[in-house]
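Asks: Protein chains in written order, with the working numbering: chain A, 1 to 174; chain B, 1001 to 1544; chain C, 2001 to 2360.
Just so you know, these hints were derived from the structure itself, not from any lab. Even glycine gets a Cβ: it sits at the ideal position worked out from N, Cα and C. Do not rely on the hints blindly, as some may be mistaken.
[To be verified] Facing chain B, according to a computed beta carbon distance under 7 Å, are these residues of chain A, among others:
(1) A28
(2) G29
(3) G36
(4) Q40
(5) C59
(6) R101
[Unchecked claim] Mimicking DSBU-like on lysine-lysine, the simulated pairs with C-alpha atoms at most 30 Å apart in a straight line are:
(7) B/K1499 <-> B/K1521
(8) B/K1443 <-> B/K1381
(9) B/K1465 <-> A/K107
(10) C/K2053 <-> B/K1174
(11) B/K1521 <-> B/K1223
(12) B/K1209 <-> C/K2053
(13) C/K2155 <-> B/K1354
(14) C/K2155 <-> B/K1357
(15) B/K1471 <-> B/K1258
[As the list claims (entries may be wrong)] Distance ranges between label pairs, derived from CB positions:
(16) B/V1131 <-> A/E115: 44 to 54 Å
(17) C/C2060 <-> B/T1374: 45 to 55 Å
(18) B/H1360 <-> C/P2339: 52 to 62 Å
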Amino acid sequence: MEVKIKSMKHEDFKDNEYIDNLVEQLRAGGTNIIVGKLDQLMNWGVSNSLWPLCFGTSCCAIEFMCLGAARYDMARYGFEVARNSPRQADYIMCQGTINYRMAPALKRLYEQMAEPKYVIACGSCTVSGGRRVPARLPAPSRGLLLCPDAAAAQDQGAEVLWRREPQGETGPQV
Amino acid sequence: MADIENKITQLCPQAQVDTTGEFPLVTVDDAQWHDLARALKNQLHYDVLSAVVGMDWKEALGCVYYLTNTDTHELLHVKVATTDRENPRLHSVCDLWPVANFQEREVYDFYGIVFIGHPDMRRMFLRTDWVGYPLRKDYDPASNPLRLEDETNEDYTCRWVEDENGKVKKIEGKVFEDDEYVVNVGPQHPSTHGVMRYRASLDGEIVKKIDVVSGYIHRGIEKMCEDLTYPQMLLYTERMDYMAAHINRHCMCMCVEKALGLEVPRRAELIRLMMDELMRLSSHLLSYGCLTMDQGATTAFFYGFRERELIYDIFDRTCGARMSMSYSTIGGVVADVHEDFIKDVRNACDVIEKALKEYHKLFTGNVIAVNRMTGVGILTKQDAIAYDITGPSGRASGWHCDVRKTNPYSLYNEFDFDEIVYENGDSMDRYMVRMKEMEQCIKILRQACDKLEAEGIQGEYCAPKVPKVMKLPAGHWYQQVEASRGAFGVYIESDGNTKPVRVHFQSPCFNLIGVVDLTCKDNMIADLITITASLDFVIPDIDR
Amino acid sequence: MFDFGIVTKWLDDLLNSVMPGWLTTTIECVLVAVGLLVAYSLIAMFYIFYERKVCGWIQCRLGPMRVGKWGLLQVFADVIKILQKELITLWHTDKFLFKLAPYLVLIASMLTFACLPWGKGLQIVDMNIGVFFIVAVSSIGVLGILLAGWASNSKYTLIGAMRSGAQMISYELSCGISILTIVCLAGTMSITGIVEAQADGWFLFKGHLPAILAFIIYMIAANAENNRGPFDLPEAEHELTAGYHTEYSGIHFGFFYLAEYLNLFIVSGIATLLFLGGWMPLHIPGWEGFNQVMDYIPSVVWFLGKAFFITFIFFWIRWSFPRVRIDQMLALEWRYLMPIGLVNLVVMAIIVTQGWYFGS
């Protein structure tokens, strides 16, 4: 694949994975050290300031509230600014079942979010049952499915996103 | 029961009354139903319609109506059916009991039964483009694939009227006029306590009309239960109103135990009761936190949740889970309590009692809070009864509807606690009822701790001979409990197999959305938020 | 007290000696502009961090902790993230107005920012109508908010914008009246003049009752001007999701976010200027030793310290009280604050003419 950033045509642009591959190629070919460092700085910034969208359908949403509350304070990672508008949020934590009526609404919310965006699936309803948008990261990451996803487990899931994002390791997982 | 039978046969000679079950069951044809309903309400004082349960009896489609008399607290079931499966029609009773408005829409949604005289015959929970009627026994699940396009807004409604010749005609209507300013609130919205959608017609800041669109978390629990055995069904009772998880599960267990004739040991009853009250306490704390957060006082939310963590710790240690505990089982509880249980509960009671005083100082006396809530969203006692608003919202309007007092179950007879009733029915009263009820929960818990201590450290926590394969005898059973948000009921109809013919959950929150339009009319948008926060519903309980 | 005028005069002389006058002025303008922009960004970042920590402290939790020691680098991460978010352009909106709105809000806050009394000799432009200029220019922010709500082509944002318009225009009056009350006491509208008139005592103490009343009215009105605290209806999170800036993403939203915190600093700065002596140190009459020690603390530190203290009070109010409703808020202004403010102004005028204040 010929890497020509400046002259990339609109038709050549497909999706984020295409750009990710270009970046990998550049890195492997020995990019300028300033750009590499800048890339790392950008990733650090994004990972430490991930703002969730207030989105809770069912029981897991209460545990999400507990996650934001004083004991499992998600503000420690900088995630406390839970925005209500999808345009200003960075990730959706899908809390609770998504049913046939809600699916188009969730799809619309996801499309309204600004890049870079992530999705964390919480609890057994979202992880194991039914269709969903490509979830980058199921929570908790150790594969235990809880119902509802306890605040400590959601904390763990958020922390995984916080740690893995700077390394750019958050490709499609499921 | 015999005199009820006499009275009803006098009012309607064609009705058949069956008094063999726990409550009298009246079977009547649709032609006489509306007149009998009016007589039952006006003359026999059955002024509360608790539920309208759609039924599919293979050869007939129909409903079972649950009526309650608020003076004597007696229940009555009325069965009305039609054999026409192509165009099933029954007469609506919305004009007598306004709560039937949404209940009948639900039956139409799931069974396709059209109610003549209903002002707004539209689907309730399913997508507007849904094909078929899911709770019918001959429904084909493959007829509705997943659609990711938005459904069209329902701007048109219809109603069916009958003229004097008995001919039924459909009349189209509109939900909102073309020149109305309609704003969509939800389904993703921080204040709707879940995924509820309101379409509000505004005039500046004043709300003129609200159309409630629900079903965004409808999981078809009642349909799923028809394919599950009774122990498997218990799981779902906790996922509806998850803030009353234990109480709902307790209700289901009691219903099945009643049918099987199982006797639950006293220790298990006591533990279940304590868990109920702890659950109620945590639910009211959440309601306090969410109400204050919706008003803008976010700090109070954090304080409420700090206290809830204490209760969650008790649940975690006793049952293994923080929220949906799966602790009651048919016959008793799954395991005995741990040795520090009583100490932990007493400690939690002390801490929360002190914290309640702090909450009053922080929020209740605040002039802004008082101005935002007093006189806002008034629900009169007549409306509360007409719309069957039980729970703290009903008690704030002056209606004595606590199931623990009117139809006591479990060991509530042995406890000394007050039923908190306020008179005005505004948001402030609904808030205060919950705050005072928390104090009563603490009172009950302290008495229960003493009783449990007297029982000893260990004891019998489950009935000795619980059948492994549970087949309820043919018939129907009903049990009602006081959940955190009102009267929760479980109705089971069985034909003698391991799986039921029909399970219906009477949800307190479903009736609450019936009054959203009533209470929010001519108030402001900010008041809409206050009123819905003070009514305090949990959406999965509405949608089931 | 150290006079920064010495430093600026030295620089001016230096530049004048090597280049023509017009070039000197140009370079000085550029230097001042860059300095202001840097100060603007740094103070905004500090304020975002300050709020999150104070908010966490009030709510019995810690706030940002992981990003840098005690979370000090949190806001840098926020800024970097916002800079690289996708800017979503909507269809069917007035694109020019949509893009203009955040800049209007930013311009308004920057213009008022430039007028604050930073320290002795650090006044950028000393107009003889200084305070009047501040009041006039801060009204541009209303325009930005209204445009944001209108140009987003959404019913929600429009409601937020209308609420905000009504609110800000109403409370500007009370703000203005309380400012006039102090101008009455000071006898001048020039910012340096007002600060220097407080050399023998801050106006809050000098003007006793009417000044205290004006202070309270100013605090309430300034809170409402900023769409903060009990008056955050335009962006009432729990009613209108994000209010007038729902449809903004990326740096455009970042501008609104930044400008909100900066406005908080600016109104605190103006409160400090009018009531707490600007950059004047705390002097207690009769305690000469104490006064000498106070004089050693630089004037910039005094100004910033007082502004941060007033901001702390704003945070405290915001995180304790619920939100008022729109009709209650307008009733508060038109039925209570404005009449009281006007009467207060008359009382102050009488007191000044009769000389019934301390230090007359």
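Asks: For each hint, tell me whether it holds in the structure or not.
Replies: To see whether the hints hold, each was checked on the structure:
1. Because the closest C-beta pair between A/A28 and chain B is about 38 Å apart, greater than 7 Å, the hint is violated.
2. A least Cβ separation of about 40 Å between A/G29 and chain B goes past the 7 Å threshold, and the interface hint is therefore violated.
3. A distance limit of 7 Å between C-beta atoms decides the matter here; for A/G36 the minimum to chain B is near 38 Å, and the interface restraint is violated.
4. The beta carbon of A/Q40 is not positioned within 7 Å of any beta carbon in chain B (closest approach about 34 Å), and the interface hint is therefore violated.
5. Among the interface hints, the one on A/C59 holds; its C-beta lies about 4 Å from the nearest C-beta in chain B, closer than the 7 Å criterion.
6. Because the beta carbon of A/R101 sits about 5 Å from the nearest beta carbon in chain B, less than 7 Å, this interface hint is met.
7. For the given pair, B/K1499 sits about 44 Å from B/K1521 by alpha-carbon distance, which is inconsistent with the 30 Å threshold.
8. In summary, the hint linking B/K1443 to B/K1381 is supported, as the alpha carbons are separated by about 27 Å, within the 30 Å threshold.
9. Restraint check for B/K1465 and A/K107: not satisfied, since their Cα atoms lie roughly 50 Å apart, outside the 30 Å limit.
10. Of the supplied pair hints, the one linking C/K2053 and B/K1174 is violated, its CA atoms being roughly 52 Å apart against a limit of 30 Å.
11. Of the supplied pair hints, the one linking B/K1521 and B/K1223 is violated, its CA atoms being roughly 35 Å apart against a limit of 30 Å.
12. The straight-line distance between the Cα atoms of B/K1209 and C/K2053 is roughly 42 Å, outside the 30 Å bound, and the hint therefore fails.
13. The suggested pairing of C/K2155 with B/K1354 is violated, with an alpha-carbon distance near 44 Å, which exceeds 30 Å.
14. Among the hinted pairs, C/K2155 with B/K1357 is inconsistent with the structure: their alpha-carbon atoms are about 41 Å apart, more than 30 Å.
15. Among the hinted pairs, B/K1471 with B/K1258 is consistent with the structure: their alpha-carbon atoms are about 13 Å apart, no more than 30 Å.
16. Judged by the Cβ atoms, the range 44 to 54 Å given for B/V1131 and A/E115 is violated: they are separated by roughly 37 Å.
17. Judged by the Cβ atoms, the range 45 to 55 Å given for C/C2060 and B/T1374 is violated: they are separated by roughly 29 Å.
18. The hinted window of 52 to 62 Å between B/H1360 and C/P2339 is violated, with their beta carbons roughly 33 Å apart.
When held up to the earlier numbered hints, the structure conflicts with 1, 2, 3, 4, 7, 9, 10, 11, 12, 13, 14, 16, 17 and 18 and fits the remainder.
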